[in-house]
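Asks: Using the sequences plus the hints, can you model the full thing?
Chains A and B, in that order, give the protein sequences. If you're matching positions, the first sequence starts at 1 in the working numbering and goes up one per residue. If you're matching positions, the second sequence starts at 1 in the working numbering and goes up one per residue.
In short, the hints are calculated from the structure, not lab data. A few of these clues could be false.
Because identical chains cannot be distinguished in the list, a pair is counted as satisfied if it fits within a single copy or across any two copies.
DSS-like cross-link-like pairs, simulated, lysine-lysine; straight-line CA separation at most 30 Å [as the list claims (entries may be wrong)]:
id, residue 1, residue 2
1, K143, K77
2, K143, K76
3, K110, K140
4, K143, K41
5, K41, K140
6, K143, K79
7, K55, K287
8, K220, K76
9, K220, K102
10, K41, K55
11, K41, K110
12, K220, K287
13, K79, K238
14, K140, K59
15, K238, K110
Note that this is a predicted model, so its numbers are computed, not measured.
Protein chains: 2
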Amino acid sequence: MANGLPDPPRGLLTADAARSLVDSVDAFLFDCDGVIWKGDKLIEGVPEAMELLRKLGKKLVFVTNNSRKSRRQYSKKFKSLGLEVTEEEIFTSSFAAAMFLKLNHFPPEKKVYVVGEDGILEELKLAGFECLGGPEDGNKNIKLEADFYFEHDISVGAVVVGLDQYFNYYKMQYARICISENPGCLFIATNRDPTGHMTSAQEWPGAGTMVAAVSCSVQKEPIVVGKPSSFLMDFLLKSFNLETSRMCMVGDRLDTDILFGQNTGCKTLLVLSGCTALPELLDASNKIHPDLYTNSVYDLVGLLQK
Amino acid sequence: MANGLPDPPRGLLTADAARSLVDSVDAFLFDCDGVIWKGDKLIEGVPEAMELLRKLGKKLVFVTNNSRKSRRQYSKKFKSLGLEVTEEEIFTSSFAAAMFLKLNHFPPEKKVYVVGEDGILEELKLAGFECLGGPEDGNKNIKLEADFYFEHDISVGAVVVGLDQYFNYYKMQYARICISENPGCLFIATNRDPTGHMTSAQEWPGAGTMVAAVSCSVQKEPIVVGKPSSFLMDFLLKSFNLETSRMCMVGDRLDTDILFGQNTGCKTLLVLSGCTALPELLDASNKIHPDLYTNSVYDLVGLLQK
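Replies: Take a look at the structure:
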């Protein structure tokens, strides 16, 4: 109360905090759903904030747990919303799944069963892997009767589970039987987000719900490659000459974005434009505290120009 | 080693143990999947064992977590397999869900959304409740695009989740939105079995997988009405003049059947004809120990006639 005014709440992004943040980092890592857009709708002020940060010489990187699209497809989505973002600036959990297999020398003669959408299939194929499942198994129905026998491919050596709007009992059984019966079969989750802003108006079940179902049926925990796992950061650091202590992770989820930032040594900024509301952040039960929080990335523009 | 022979393993059903068990109980509670049948195939020796126990004056009761059928439908299934079992002798998790709502004075003007199959719908309707969902929502597809808005019925006051071979993203979102947004909406699980012998040759994802998915999306735990919850036992005790200390629960799952028997004060007999194999029972990590175990209910016949 030095100036006679009450102190701002701890962590609230003020003009001073915004200037000090921008001075102390070289790169901003942005989550996408709930930060840049909701569904196909751009969040207000995003282009202005991106333009300002680029003008200040900051590197911008986009790190999303949403596995529905590949990096190429996300780059197109940015373009369709009027934003110029290259594939190299985008790190998706679908890409992370493919890179995890590559880094771990997944044998090329083995196949990958996918519970998920096109993004995962495209990244896996780009990385040279043969895939089964995905959207085309969305129409397969099970007839749970009498002596029905469920066939599966014994050359499946990994199951990748991500967000899947075509999720069904056929895929659940396919994933279960590969993980349980194919020796050494890997169980990889793109991420465990319980919900996400898949459309502009509403939240929807996230990849975490598909992962929970498969995990229950096999009584095993998956390897998680998306946020908050630090796996993606390794690629990011290989691609760019950056230090994590000079990065700021900007996201709308405490248990993925902010935790990812903290796990990897970044500064963290929570925006309230997505899944997390202020009461949740301030609730005594919340144990994940970002360095800073504000309503949306647009606030950076106003605060930095004060 | 009084007779010069090595002692049998602790808990193994011997002729002495079988006679002492039969003398000490008035009723046998049988799980069905993996004990009486696998899929639509009767397990060997079941008719003989049932006949013998009935001849010895024992009450037989069937307690199943499988919610796919109603009590009426199960009675028909027993008949089709050549076994005479009345509806009153059958306690299913679908019936338990309906009785839970009735006992808790669920308002008749409210509706129940069902993630599950016909058995749940039939029991709920018999108990006088109006239902939505079930198999007819199995064909509904989601188009996760742009400004799509998902409508739901705000008069849904309970969501019941059971085994559902028609599980899909539409039902996941319907359940999520009712539980999250309709004030006071109950979240009821028929059971949490991770797998079950839904066909004779293979295991399949159980109701626990659907429950895990919905539970993840709402970040809440359900009320469980099937085994191992003791809820079903209350009805059983009301229906029959029995004491739990003079009952034996016979089942193939440690974490549902045997735990249910133990939670309610019954004697417990594990059969190895279903989900549990001997190494799992004897593994140091297993914390649930039945009083007795044997290969299948057929063993009772041989052992009691020795």
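Asks: Decide, hint by hint, whether the structure agrees.
Replies: Hint check:
1. Taking CA atoms no more than 30 Å apart as the test, K143 paired with K77 passes between copies only; the shortest distance there is 17 Å, against 39 Å inside one copy.
2. Proximity of K143 and K76 under a CA criterion of 30 Å is satisfied inter-copy only: 20 Å between copies versus 40 Å inside one chain copy.
3. For the identical chains of this complex, K110 and K140 are intra-copy neighbours only, at 23 Å inside a copy versus 34 Å across copies, given an alpha-carbon limit of 30 Å.
4. Proximity of K143 and K41 under a CA criterion of 30 Å is satisfied inter-copy only: 16 Å between copies versus 40 Å inside one chain copy.
5. For a Cα distance limit of 30 Å, the shortest separation of K41 from K140 across copies, 25 Å, qualifies, whereas the shortest one inside one copy, 32 Å, does not.
6. Taking identical chains as interchangeable, the C-alpha atoms of K143 and K79 lie at most 30 Å apart only when they sit on different chains, with a minimum of 22 Å there against 44 Å within one chain.
7. Taking CA atoms no more than 30 Å apart as the test, K55 paired with K287 passes in neither setting, with 35 Å inside one copy and 62 Å between copies.
8. In this assembly of identical chains, the alpha carbons of K220 and K76 never lie at most 30 Å apart, being 36 Å within a copy and 37 Å across copies at closest.
9. When the C-alpha separation of K220 and K102 is checked against a cutoff of 30 Å, the pair qualifies only within one copy, where the shortest distance is 23 Å, while the shortest distance between copies is 36 Å.
10. In this assembly of identical chains, the alpha carbons of K41 and K55 lie at most 30 Å apart only when taken from the same copy (24 Å versus 71 Å across copies).
11. When the C-alpha separation of K41 and K110 is checked against a cutoff of 30 Å, the pair qualifies neither within a copy, at 39 Å, nor between copies, at 35 Å.
12. Proximity of K220 and K287 under a CA criterion of 30 Å is satisfied in both settings, with 26 Å inside one chain copy and 18 Å between copies.
13. Taking the closest pair of Cα atoms, K79 and K238 come within 30 Å of each other only inside a single copy of the chain (25 Å); across copies the shortest separation is 67 Å, beyond that limit.
14. For the homomeric pair K140 and K59, neither the shortest alpha-carbon distance inside one copy (45 Å) nor that between copies (44 Å) is at most 30 Å.
15. For the homomeric pair K238 and K110, the shortest alpha-carbon distance inside one copy (27 Å) is at most 30 Å, but the shortest distance between copies (57 Å) is not.
Violation of the numbered hints given earlier is confined to hints 7, 8, 11, 14; the remaining hints are satisfied by the structure.
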